[in-house]
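Chains B and G are the protein sequences, given in the same order. Per my numbering, the first sequence starts with residue 1316, numbered consecutively. Per my numbering, the second sequence starts with residue 8, numbered consecutively.
By construction, these hints were calculated from the structure, which means they are not laboratory data. Backbone N, C-alpha and C fix where the C-beta goes; we use that ideal spot for every residue, glycine too. There's no promise every hint is true.
Some chain B residues close to chain G (C-beta under 7 angstroms, calculated; not the full set) [stated by the list, open to error]:
1. Glu1359
2. Thr1366
3. Leu1378
4. Ala1445
One-letter residues, chain by chain:
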Amino acid sequence: MEKIKISFILNDENVSAEVDPRKRLLDILREDFSLTGVKEGCSEGECGACTVIIDDKAVTSCLVLAPQVNGHRVTTIEGLEKNGELHPLQEAFIKAGAVQCGFCTPGMILAAKALLDKNPDPTREEIKTAISGNLCRCTGYKKIIEAIELAVNILKGGQ
Amino acid sequence: MQEFKYFAPYNITEALKILDSAVGQKKLLAGGTDLIIALKNKQVRPNAVIDLKNIEELNYIKSDNGYIRIGSMTTFTDIVESELIKSQARVLHESCEVMGSPQIRNLATIGGNIVNASPAADSVPALLVLDAEVKLESVLGVRVLKVQDILQGINKTNLKENEVLTEISFKVPSENAVTGFRKLGRRAALSIARLSVACVLEAEDNTTRCGDIRIALGAVAKNPFRATGAEEVLKGKDLSLKLIDECVERISDIAVKTIGNRPSLPFKRQSIKGISRELLNRLYNEIGQKRRR
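Build the full structure now, drawing on both the sequences and the hints.
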């Protein structure tokens, strides 16, 4: 199989790789870059567990072929922590008890981050829409929505 | 997935050349939200995949002398966020807004939605009532066809093997027109339409008499289609809630006839009345508001 050489920015670092074009972004992130925070759920874009951010937009990485990220910027959950400090969204998910089994959490947080980067003061409805492509099968969405609201407050400088 | 050669051209000329010269079965990659699943499940086994997402000249929304032109690689997110579409072609805004999830809208393109030719394609009923045309380009030249004329059944179009859908265009509805889209799905996000209805309704100058009207239904037949029989109920008449009820009954009759004897029939027979009535009543009110202004 002819491999394709790609370069892209992954969690703020320039990286390159030779990839089999049949692999999806999800596959190379987990297998070639050991970023296992990206979860494989349904593999058809329905569950949102494999959500990453490409150029400021949340996308399901199971629906992107690896060579398609050539020249783009990709952020996974591993890229949110800075200098040992968790991102306010991560802090908020812990504080609000929004994590149960944790499988949906990386995708939820990244979908929320894409929202907050664009709209730092969303309404509850806007939050619900932003995570509408992410399924949680443990209990529900109440604490997740509360966590995102908490993160909004932290980011605005309050507590 | 089977082995394939991957191409990522940066302009349309290059893409058309690759499409013309690549050997074996070829697949165009747009948003990938259907193709990548089909590749993974080995429902398609192409020898070449040509990625059109890097072609910037296929990514635009612009107003042009009373027409709106949309590049085929424009994503649903870009359409939903376009003020031009929201103010001039609300029916398209509304149909794109309820397609998939944010993640899917960030990837999926309007060109892909048309060419994939799903019975439930969300943008297609809207494009039918806008009487939209598509531009098909190949190394041999350009063809312009109405959207309905390229749809040939489930996942089938009459695009030639070396053609690419490059642009969607339609005339901006008149000042006297109101437009909208309603869909019924199993859940708010991500649901594939179980039924959808789109409408452009134009009132004759400063009256409530119905002038031009177009109604289209989705997820009823193999492809979305115009319910011309239901349009006739309203056309040329003075609009009233009673007349709209008649139109709603006609829409349901048309849907029933088209669906045939399927398990979903009793459900669709009733539910299509609900969404059609909601949409038409809303448009009727909007016409009233326009007059009072």
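Index of numbered hints that the structure contradicts, given in increasing order: none
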